[in-house]
Amino acid sequence: MSALPNPGPRPPGELEELKRIWAFPKRWRILTEYNNTFIGALYVATAFVFFLLAGVLGLVIRMQLAVPENDLVRPELYNQIFTMHGTVMMFLFAVPAVEAMGVLMLPNMLGARDLPFPRLSAYAYWAYLVGGLVFFCSIFAGLAPTGGWFMNPPLTSARYSPGLNEDMWLLGIGFIEISAIAGAVEIIVGVLRTRAPGMTLGRMPVFAWAMLTFAAMVVFAFPAVILATTLLELERAFTWPFFDATFGGDPLLWQHLFWFFGHPEVYIIFLPAAGMVSMMVPTMVRTPLVGYRLVVLALVATGFLSFGLWVHHMFTTGIPRLSLGFFAAASMAVSVPAGIQVFAWIATLSARRPRLTTPSLFVLGFLFIFVLGGLTGVMLAAVPFDFQAHDTYFVVAHLHYVLVGGMVFPLFGAIYYWIPALSRNALSERVGRWVFGLMFVGFNVAFFPMHITGLAGMPRRVHTYAAGYGWDMLNLVSTVGAFMFAAGVALFVVDFARRFRPAGGKAGNVWGAGTLEWLPSGPYSNRSIPIVDSHQPLWDDPELARNVEEGHYYLPGAPTGGREALVTAPLDGKPQYILRMPRPDWTPFVAAVFTAAFFLLLTGKFVVPAAACGVVAIGAMLAWAWALDPAPVAPVDIGGGITVPTYMSGPQSTSWWAVVVLMMVAASMYGAAVFSYLYLWTVAPRTWPDAASLPSLWYPVAAGALVVLASAAFSAAGRALKAGRRGWLMAALASAVVLLVAGVGVEIAAHHALSPRASGYAAMVHLFGAIAGFFAVVCALLTLFCIVRAASGQVDAVRRVTFDNARLFVHYTVAQTLLGLLLVHGFPRMVG
Amino acid sequence: MRPGPFATTLLRVTSGGLVWVLHFATIYGFTALACARGAAGVVPWLVTIATLAAAGACVAILFAAWKDGRAFERWLSKGLAAAALLAILFEAMPSLLVPPCG
Numbered sequence: 001m002s003a004l005p006n007p008g009p010r011p012p013g014e015l016e017e018l019k020r021i022w023a024f025p026k027r028w029r030i031l032t033e034y035n036n037t038f039i040g041a042l043y044v045a046t047a048f049v050f051f052l053l054a055g056v057l058g059l060v061i062r063m064q065l066a067v068p069e070n071d072l073v074r075p076e077l078y079n080q081i082f083t084m085h086g087t088v089m090m091f092l093f094a095v096p097a098v099e100a101m102g103v104l105m106l107p108n109m110l111g112a113r114d115l116p117f118p119r120l121s122a123y124a125y126w127a128y129l130v131g132g133l134v135f136f137c138s139i140f141a142g143l144a145p146t147g148g149w150f151m152n153p154p155l156t157s158a159r160y161s162p163g164l165n166e167d168m169w170l171l172g173i174g175f176i177e178i179s180a181i182a183g184a185v186e187i188i189v190g191v192l193r194t195r196a197p198g199m200t201l202g203r204m205p206v207f208a209w210a211m212l213t214f215a216a217m218v219v220f221a222f223p224a225v226i227l228a229t230t231l232l233e234l235e236r237a238f239t240w241p242f243f244d245a246t247f248g249g250d251p252l253l254w255q256h257l258f259w260f261f262g263h264p265e266v267y268i269i270f271l272p273a274a275g276m277v278s279m280m281v282p283t284m285v286r287t288p289l290v291g292y293r294l295v296v297l298a299l300v301a302t303g304f305l306s307f308g309l310w311v312h313h314m315f316t317t318g319i320p321r322l323s324l325g326f327f328a329a330a331s332m333a334v335s336v337p338a339g340i341q342v343f344a345w346i347a348t349l350s351a352r353r354p355r356l357t358t359p360s361l362f363v364l365g366f367l368f369i370f371v372l373g374g375l376t377g378v379m380l381a382a383v384p385f386d387f388q389a390h391d392t393y394f395v396v397a398h399l400h401y402v403l404v405g406g407m408v409f410p411l412f413g414a415i416y417y418w419i420p421a422l423s424r425n426a427l428s429e430r431v432g433r434w435v436f437g438l439m440f441v442g443f444n445v446a447f448f449p450m451h452i453t454g455l456a457g458m459p460r461r462v463h464t465y466a467a468g469y470g471w472d473m474l475n476l477v478s479t480v481g482a483f484m485f486a487a488g489v490a491l492f493v494v495d496f497a498r499r500f501r502p503a504g505g506k507a508g509n510v511w512g513a514g515t516l517e518w519l520p521s522g523p524y525s526n527r528s529i530p531i532v533d534s535h536q537p538l539w540d541d542p543e544l545a546r547n548v549e550e551g552h553y554y555l556p557g558a559p560t561g562g563r564e565a566l567v568t569a570p571l572d573g574k575p576q577y578i579l580r581m582p583r584p585d586w587t588p589f590v591a592a593v594f595t596a597a598f599f600l601l602l603t604g605k606f607v608v609p610a611a612a613c614g615v616v617a618i619g620a621m622l623a624w625a626w627a628l629d630p631a632p633v634a635p636v637d638i639g640g641g642i643t644v645p646t647y648m649s650g651p652q653s654t655s656w657w658a659v660v661v662l663m664m665v666a667a668s669m670y671g672a673a674v675f676s677y678l679y680l681w682t683v684a685p686r687t688w689p690d691a692a693s694l695p696s697l698w699y700p701v702a703a704g705a706l707v708v709l710a711s712a713a714f715s716a717a718g719r720a721l722k723a724g725r726r727g728w729l730m731a732a733l734a735s736a737v738v739l740l741v742a743g744v745g746v747e748i749a750a751h752h753a754l755s756p757r758a759s760g761y762a763a764m765v766h767l768f769g770a771i772a773g774f775f776a777v778v779c780a781l782l783t784l785f786c787i788v789r790a791a792s793g794q795v796d797a798v799r800r801v802t803f804d805n806a807r808l809f810v811h812y813t814v815a816q817t818l819l820g821l822l823l824v825h826g827f828p829r830m831v832g
Numbered sequence: 833m834r835p836g837p838f839a840t841t842l843l844r845v846t847s848g849g850l851v852w853v854l855h856f857a858t859i860y861g862f863t864a865l866a867c868a869r870g871a872a873g874v875v876p877w878l879v880t881i882a883t884l885a886a887a888g889a890c891v892a893i894l895f896a897a898w899k900d901g902r903a904f905e906r907w908l909s910k911g912l913a914a915a916a917l918l919a920i921l922f923e924a925m926p927s928l929l930v931p932p933c934g
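First to last, the protein sequences are chains Y and E. In terms of our numbering, the first sequence opens at residue 1 and continues consecutively. In terms of our numbering, the second sequence opens at residue 833 and continues consecutively.
So here's chain Y without its partners, still in its complex pose:
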C-alpha cells in the first residue's frame, strides 16, 4: 500500500467548498448541468425509454403475426413499424445505452472528478433526447421510414420511395451519429487521460478497456454510415447517381458502406456489455477475474476482427466466391475471442459458489442466451447454410439471441448491480427474481421457435402469412413469449419507480465489490483521488474508502476555486496537470436543441428554417468555445509533494487529444469516400473518362499550391505567435483562410463542365469537391474564431490551445485535400 499524499487532518470548510462548487444549479437551470452523474443518469433513463417504446412496436409486430392472415396492421404501417423497431433499438437504445453507462460509470471507476469534456456529453445527450423523440413521433404522422433498418437502395431511392419517410431516417439518424461520435471522443480521452494516479493500462477495470475499444470502434465504423447516408440523401434530393446502376452507380455500394458500419456496430453494442459482465462476475464470487490479460486481449482483438465481417450480411448478393470464403473464415474467427471471455467468466464463477443475486441471475441468463446466439452465428457464417437461412426468421432468432442475450441481459444485470451506487435503495431482490424469470423464460419462448419457423421457410419482414405452412403454432407461441418478456420488463419498471431514489444517501457497496465506483461519492466523484495499485483496490486496502473520504489522497479540495479534473499520463497514470472546467451555462443545451432541429427541419425540406437553426447551433457552439481556454493561473499543490500546472497546451493537453481523435474520424470518413470511388470504378469503369476529357493539369497544380501555401501561412502564424507579434499572427491567419478557400475554389471550378447527375463517376468527383469545401468552411470558422480571440488578447505564446487546435485541423485538411486532388486528377490518368 502506498503512503498517503495528504496524511494530516484537512482544513475546515474544504469539503463544504467542494460540495458548493459541484452542487447542481437550482430549478430550471438544472438543464445547464453537465456533471456526468446527472447527464449519465438521464442518458441511461432516456435510452431505457426508447427501449420501452421500440419494445411496444415489437409487441405490435408479434400481435400482427400471432395468427395467419391477420389484418390488425395495414402492410404500409407494418413496414414502418418493423423499420422503426430495428432503427430505434439499434440507434436510439443500444448504442446510446452503452455510451450512457460509460458516461455514468467511467469517472467513478477511474477515480476521476468528471469526464474531460463534460459539456460535450451534455450536448450529445440533449441532441439525442430532442432529436430521438421527434424522430420516434414520425410514426404517429405516418412519416416513419419503411425501408428496414438498413435502408437498402434501390428500394429506398427516390424512384421507389418518393415520400419523406426515408429522408426521415437518413437525416433523422444524422444527429445520433454525431452524438455517438461526440461521446466516443469523450470516452477515449477520458479513459486515457483522467485515470487515478497509479492506474496503469494493466490495472484498468475491464469495463474501461471495453469502453475504450467501443469508442475506438465508433471512430472507425460510424463515419462509413455517415458517408452512406449523405450519399443516399444526395441521390434522393439532387439525383447524384451513386447507387443507380443505369448511370454507373451501384446499389451494392450502399450495402458495403452500411455493413462496414453495421457489423462492427454489433460488437460496439456487445463489448461494453461484456465489460459490465467482467465487472460483475468477480463480485459474484469475490475472486479476481481469471485471465484479466486474456480478456483485455479478447476485447481488443474483437475490435479489430469485427471490421472483417461486413460481407457476411451480403453472402447472397453475387460477390466472388473466394471473397465469401474470406468473410466466412473471419466470421468464424471472431467467435474465438468471444469464447475466451466466456471461458474466463466460467472459470471465475467456478472459483466459489456464486451468490445468486439478481445481477448474477442476469449474468447466467446472458451466458446461456449469448452462447446459443453465438452458435447459430457460426452456423450462419457457413456460406451454404446462410444461402438457405438468409432473410428468414432463423436470422431474426439469431440476431435477437445475440443482441438481447449479449446486451439487454447484461444491461439489466448492470442496472441491478450499480443502482446501490446511485440510489438510497437497491432494487428488490424478490421482485428481481420474478423480473429475471419472466424475461428469461419469455425470451426463449418467444425467440427459440423462430429458429424453426425460419428453417420452415418463413421470410422476414412479411406483414402476414397464409395458414397451413406449419408456421401458425410457432408464431402463436412466439407471441405468448414476447408478452411474457414484456411483463418482466414492466415489473422491472414498477420496482424501479418504487425504489430508485437518487437524492440523499446511497445504499453503497452492498455486493462487497472491489473497484473504485463503490467508494463513497458525490457529484464531484470522490472527495480525494486515490492511488491505485491493483485491480480491486477496495479488496486489497480495507482503509481505502475511509482515507479517500477524509481527503488523505490527491486533490482533496478545489484549489483553483472552480470545477476541475486531474489529468494524468496515458500509460502510467502520473499526475500531469489540473484541467479547469467552466461553470454550467446554456450553450451546450441550446447548441444541441438547434442541431436536432436543423436535421429534423431538413427532413421536411424546410430549408430556410433549417439553415436558421443551423446558424443558431453554430453560434451557440462558438459561444461555448469562447468560455474554454481560460487564462492560466498559478500551479497548485495536490498533495504528496506534487505541484502541477493549471494550464497545458501542446500534445499533452486533452484538447489536443480530442482534435487528434476528431481527425481520425475525418480520416475514416475520407477513407470510406476513397473506397466508394475505387469501388464504383471497379464495377463500372465505363463511366471513367479518358485523360483527354479531364480538366487541365494546371487546375490541380494551382489548387495544390494554394492549399500548401495555406499550411505554410499557418506555420508562419505559429512563429509570429511565439515571437509575440499579434499583427503578423492575425495577418498570417487571415491569409491562410483566403489561400485555403481559394485552393478549394479552384478545384471545384475545375469540374464546372461536368454535371454531377451525369454518372456515378461525375457524382464522385463532385463529392470530393463538396468534402473539400466543407472542410475548408470548418477551417475558416476555426481560424476566424482564432483571429477574433487574438484580437481580444486571448491568444498568446502561453495561452494558445485555440491556436494549436485550429493549426492541427488546418494541416490535416490540407493533407486530405492534396490526397483528393491526387485521386480525382491522377487516378483517371493512371488507368485511362
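Since the hints were derived computationally from the structure, they do not count as laboratory data. For every residue, glycine included, the Cβ atom is placed at its ideal position computed from N, Cα and C.
Some chain E residues near chain Y, calculated using beta-carbon distances under 7 Å: (1) F838; (2) G849; (3) F856; (4) T863; (5) L865; (6) C867; (7) A868; (8) F904; (9) W907; (10) G911; (11) E923; (12) P932; (13) C933; (14) G934.
Guided by the hints, dock chain E onto chain Y, whose structure is given.
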C-alpha cells in the same frame, strides 16, 4: 515531430491488428478487382504472397526485442500479434479450397 511514448506504445500494441487489417484489405480488394477484370488466375498468387508477408510481419512482432515499456503492454502486443497470425492464416485458407471468382 518525434512520436511521444504513448504513440509509440499504441503502435506497438496494435501492430498485430494493423497487419491483420492490411492483409484482409489486400486479399479482399485484389480478389474483387481481379474478378471484376477477368484475371482470376492471379488471385491465388496474390493471396499467397500477401499471406506470407503478413504472417512474417506477425512473427517479427512476436519475436521483436522490446525492452522498454511495461510487461502488460509487451504481452498485449505479442498476444494481439499471435491472434492476428492465427486469423490471417485461417482467413487465407479458403483460397486453397475455393475457386476465386464465379
